[in-house]
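Enquirer: Protein chains in written order, with the numbering used here: chain F, 1328 to 1827; chain W, -15 to 206.
If you are wondering where the hints come from, they were derived from the structure by calculation, not from laboratory data.
Among the hints, erroneous ones may be present.
Derived coverage of chain W by chain F (criterion: at least 3 residues anywhere in the stretch with Cβ under 8 angstroms from a Cβ of chain F; other residues may be distant) [unchecked claim]:
{"hint": "1", "region": "7 to 20"}
{"hint": "2", "region": "115 to 124"}
{"hint": "3", "region": "139 to 148"}
{"hint": "4", "region": "167 to 175"}
{"hint": "5", "region": "178 to 189"}
Glycine is no exception: its CB is placed at the ideal position from the N, C-alpha and C atoms.
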Amino acid sequence: MSGTFVGMPAFPKAAHDAVHNETLRGNLRHATHTIRAKRANAVAELSDWAELREAGKRIKDHTLRHLDRYLVQLEEAVTAAGGTVHWAADADEANRIVADLVKATGESEVVKVKSMATQEIGLNEALEAEGIRAYETDLAELIVQLGKDRPSHILVPAIHRNRGEIRDIFRKEMSEWGRPAPEGLTDTPAELAEAARLHLREKFLRAKVGISGANFMIAETGTLVVVESEGNGRMCLTLPETLISVVGIEKILPTWRDLEVFLQTLPRSSTAERMNPYTSMWTGTSDGGAEAGDGPRHFHLVLLDNGRTDTLADEVGRQALRCIRCSACLNVCPVYERAGGHAYGSVYPGPIGAILSPQLRGTASDIDASLPYASSLCGACYEVCPVAIDIPEVLVHLRERVVEGGPVTREGNKVVLQPAKGHAAERAAMRAARWAFTHPGVLRSGQRLASRTRRLHPRTLPGPGQAWSGSRDLPAVPAEPFRDWWQRTNGGKTEKGTSK
Amino acid sequence: MSSRERILGRVRRALADVGQDDTPYEQAVPRDYLREHGERSVERTVDLLAENLAEYRAIVHRCAEDELAAVIGRLLAERGSKTVLVPAGLDEEWFAATDAERVPDRGESTPHELDRVDSVVTACAVAVAETGTIVLDGGPDQGRRRITLVPDHHICVVRVPEQVVSAVPQALERLDPARPLTWISGPSATSDIELDRVEGVHGPRSLEVVLVSGRPGAEATS
């Protein structure tokens, strides 16, 4: 994944630092609570939300179960419509394909519409290394790029910044990249948006190459769909001569009709709008018919694997590939709200990031091994998910993988994962518990011993257990084990009056 | 081995557990969601379109067929527009009441030339009441996608009730995926700064929608 996140500390350390940043917590709390309430209203308007959610889930599941077939069908349709399809097994290959395509045009700068896939592969940095400058054109992405920062939210990447911070970034950095910020720029959102408009417009009007992602690809017709609000997407998709779209292979829908589900659930789940201001749909290149020359003359689609087929190989974890990147799960998550997106060390933060990143990247690094634990398992993320991804189920599944190891697929090969370091105590405790639970006599005498010595118990655990009890109260041991109580009172029947 | 074969091979191996899943697509997906939400008269559907467009800060006007030229003339004059982009297939009559210089939609005009035009007038392919959306499909009366993008002022004419549907599923049925499509719900907007909605970043900052009905003499309102 993106080089921008290399060297991130594991989630517990990053989150520990983030929760002490009061500005960050204030910005996040304001943003997530605002959008959460709006979203609930937008969803409540549709009386068939449950049916739409189920249909979305089933469409995505069906597509994933026949992904090979739909990928081939999509390739044929895009090619027939005048586009060129490229296949990229990993980030390096995708970056190389895009860089070569840009070089072939003779250009040294490109305009980009915000795309999670290109962030995931670190495309901007890869292009920079080839002498190609990529301009992010979404307002929030511009704020992140000018601030030499990292995005912290799927939908609102600069959610961690307030207006004062944004004004300072524009004043200081815009001149480095092109048109400087206007004199006397204040921190009102309208003025800041106007400054971004002026700054970016000159880039749009001269751009020869545009780079995008896509929200959906229709296998039946070869149509690509991008939803957005500002019009920067429309600029990148229609003004340049060459358009390169980098899209994860899981973004396929079988038929045109399937859009009727997702164009209802995605905007309401993400920006809490009935419909986002702009949706663009294009099929190959449109150089035929009376309206010749509507849009780019050259269209390239780069189909990206980069860990998706490995995720697909996991029967429990593959449901993460249903994700339509709406970010509703981020906005309801109590952990995200306090820790912020950067703590997740991935372009996919929040609950979905906690299950997607360790699957796309594997759990070898500390940050990826810690992500399945970045949750309280409260289940709010599952409730709001418009494609019903059972995020808590996958979190628990991944925790087990981290602790126990076992067979996984990496880069298409089956490998056996070793248990992660640092979980030895947890593993030993689980092993002991399993043994005790399968030996009733041992369990009984252990419980009796614990009850009789309860006054002597320490308030925190010794040794490696300290890490666990450092943030929790140890449960009190009852005066009498349940089993003994059950026997003594005949299942509670003689409990009354507490006399035997 | 090419990356294409590698990726398709990985997909097939990853789905080994799925085996012979021969549930056809039609049966795999339940379609028991609604075609539209609630029952409305035709008039009420058009009203809903107007309400939802206005809620997203589009400016909505209504008039009858024989008043359209006057309305377009007035809107261009109020804006002070000296130039207006006109798709090839638009009715000449629509511009009978304006002095603004007409700029044709040509394939060879550069983005910089489009940027110097004050306004654009188009028709639409379909409008969706429940979401407050107008859809352009690049037809002769709508022109290339970029002409409704670069100029800062877009006037879109919707024929009511013929071009209005209630909901998204009905709109998709009417559209041809082979055409380049642009769905527009209100003017360009951003909520990237503290989630405060600001109209107008890169697309037109003003969107005016004229709902025109075939009945002559219907009241013109703003």
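Enquirer: Of all the hints numbered above, which does this structure not satisfy? Sort the numbers upward.
Expert: 3
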